[in-house]
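Student: One line per chain: the protein sequences are A and B, in this order. So the first sequence is residues 1 to 271, counted in the numbering used here. So the second sequence is residues 272 to 454, counted in the numbering used here.
Warning: the hint list may mix true and false statements.
Okay, derived cross-link-like pairs now, EDC-like style, lysine to aspartate or glutamate, Cα gap no bigger than 16 Å in a straight line [what the hints assert, rightly or not]:
1. A:Lys3 - B:Asp305
2. A:Lys3 - B:Glu435
3. B:Lys337 - A:Asp164
4. B:Lys337 - A:Asp157
Which bits of chain A does chain B cover? Going by a derived footprint, with three or more residues having C-beta under 8 Å, they are [what the hints assert, rightly or not]:
5. 104-111
6. 154-163
These are calculated hints, taken from the structure and not from any lab test. Here the structure is a predicted model, which means the values were calculated and not measured. Glycine is no exception: its CB is placed at the ideal position from the N, C-alpha and C atoms.
Listed below are the residues making up each chain.
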Amino acid sequence: MSKTERIYALLVEANPVPDPDALPERLADAVPHLHVIDPRREPMDTETTQPQTPPQTGRNWLPALGAAALIIAVVAGGALLLSDPGVDTAADREAAAIAKARAYFTAINSGGIDEAVALASLDGSSDEATRGLIEFGAVATASYPWQLQGCEVVGADDEAVLVDCAFVNTDPVFVATGVSELVAPFTVFDDGTMVGRNWQGANFALANRAYADYLRTRHEADYNRVCHRSAYPTGSVNSNGGMVFTRECAELAIPLAPTIADWVDAGKPGA
Amino acid sequence: MTRTEAWFDRLYEEHYRHVLAYCARRAAPPDADDAAAEVFTVAWRRGDDVPGGDRALPWLFGVARKVLSHQRRGSERFRRLTSRVATVQEPLPPTPDAVVVQREEYHQVRDAVGHLRPNDREVLLLSAWEGLSHSQIAEALGLSQAAVDKRLTRAKHRLARQYETQLKMHRPPASAAGGGGSP
Numbered sequence: 001m002s003k004t005e006r007i008y009a010l011l012v013e014a015n016p017v018p019d020p021d022a023l024p025e026r027l028a029d030a031v032p033h034l035h036v037i038d039p040r041r042e043p044m045d046t047e048t049t050q051p052q053t054p055p056q057t058g059r060n061w062l063p064a065l066g067a068a069a070l071i072i073a074v075v076a077g078g079a080l081l082l083s084d085p086g087v088d089t090a091a092d093r094e095a096a097a098i099a100k101a102r103a104y105f106t107a108i109n110s111g112g113i114d115e116a117v118a119l120a121s122l123d124g125s126s127d128e129a130t131r132g133l134i135e136f137g138a139v140a141t142a143s144y145p146w147q148l149q150g151c152e153v154v155g156a157d158d159e160a161v162l163v164d165c166a167f168v169n170t171d172p173v174f175v176a177t178g179v180s181e182l183v184a185p186f187t188v189f190d191d192g193t194m195v196g197r198n199w200q201g202a203n204f205a206l207a208n209r210a211y212a213d214y215l216r217t218r219h220e221a222d223y224n225r226v227c228h229r230s231a232y233p234t235g236s237v238n239s240n241g242g243m244v245f246t247r248e249c250a251e252l253a254i255p256l257a258p259t260i261a262d263w264v265d266a267g268k269p270g271a
Numbered sequence: 272m273t274r275t276e277a278w279f280d281r282l283y284e285e286h287y288r289h290v291l292a293y294c295a296r297r298a299a300p301p302d303a304d305d306a307a308a309e310v311f312t313v314a315w316r317r318g319d320d321v322p323g324g325d326r327a328l329p330w331l332f333g334v335a336r337k338v339l340s341h342q343r344r345g346s347e348r349f350r351r352l353t354s355r356v357a358t359v360q361e362p363l364p365p366t367p368d369a370v371v372v373q374r375e376e377y378h379q380v381r382d383a384v385g386h387l388r389p390n391d392r393e394v395l396l397l398s399a400w401e402g403l404s405h406s407q408i409a410e411a412l413g414l415s416q417a418a419v420d421k422r423l424t425r426a427k428h429r430l431a432r433q434y435e436t437q438l439k440m441h442r443p444p445a446s447a448a449g450g451g452g453s454p
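Please model the entire structure based on the sequences and the hints provided.
Tutor: Following this line, the structure appears as structure tokens:
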């Protein structure tokens, strides 16, 4: 066994909970009363959308009253806090972060390259590479917009708010390769800067590989000239799945998207 | 499939303890309880999004990962908490000396995994502690299986490097190495 595998085996052994069934009852006792939660999605049986009131006993009213009093106290305290105009609420912070993430989609869908570059420095890459990435995206979204489904806060600490935005990439190649539904995670810092985190590069790679495979097969010279990384020996470019993200590569690839999608659907003949 | 209470009850019965274990491996018990409950709250709300069969548990782990990210504040806290949950359940080695040695090794390897990048750490733990297959890890993390293969291989190498580095920097005391002497 190699050293790497031996240490991995040690990690397997070091599992702090090797047998879930052996968890202490105290930990496993936390059974939530989930049946009283209103589901927010349809379709749902009408029965399940009705809150199920747990069986009540005569002994339950006292703790319930105590809990109600506590809730009232917390709400009253919160109201006092919110009434202070000098206090930024967590909700305001989260709303600002979401607005910033949404603005990125507005910018890129409208061809606002400068605005998009100003909003996000994706993957911490250099300005040149970021600009190329955004220019590629702007060419693509001019024909096939990214349909934003919604953004939500998925975490926060004392420096930044993490926002995930779900979107549909309407590019037919993404549709044909089954990766049109994507999530764009952003980290929005309190100083106003924002970066894109891991944009599901593996999913993008599936579509980009289809683009690259087609272009290599049918437009080899053009592909090597503008879409292959070797065409940028000194420049800073992002690449994924055999495609580089520059305006020139996008202008070659994107107009061919419907053809490439058909080619993917047909099983990539000749590839 | 219509998501009924019966469906939810089955989902809960089949997977709750595994989700709780996932959370307990990454958070202190009270936080783990809260996180596991939240995972099933999400599953209830998003009933139609929950895949069936073997894909359900990886999906739940994916939700748990996000839920725990609310609670976790960086790898320092992760290391502290994983050390604490080490008291939940330890495999019992055969001799007292081995207990000391193995616990120190477990501590070291957990410490090493806590120093890895979050993406490397998660793919390693889903494999090592949750025992997921590569395709299930792909489901949990929203990746292709090829990406998981590559990431897991890379993460194992990084874990080995980190572990070796830590051993050099922090030699265990004589008692931990089984030599006796130090209290």
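Student: Next, verify each hint and record whether it holds.
Tutor: Taking the hints in turn, this is what the structure says about them:
{"no.": "1", "hint": "A:Lys3 - B:Asp305", "in the structure": "38 Å, violated"}
{"no.": "2", "hint": "A:Lys3 - B:Glu435", "in the structure": "10 Å, holds"}
{"no.": "3", "hint": "B:Lys337 - A:Asp164", "in the structure": "10 Å, holds"}
{"no.": "4", "hint": "B:Lys337 - A:Asp157", "in the structure": "14 Å, holds"}
{"no.": "5", "hint": "104-111", "in the structure": "violated (count 0)"}
{"no.": "6", "hint": "154-163", "in the structure": "holds (count 5)"}
Against the hints set out earlier in the document, violations occur for numbers 1, 5.
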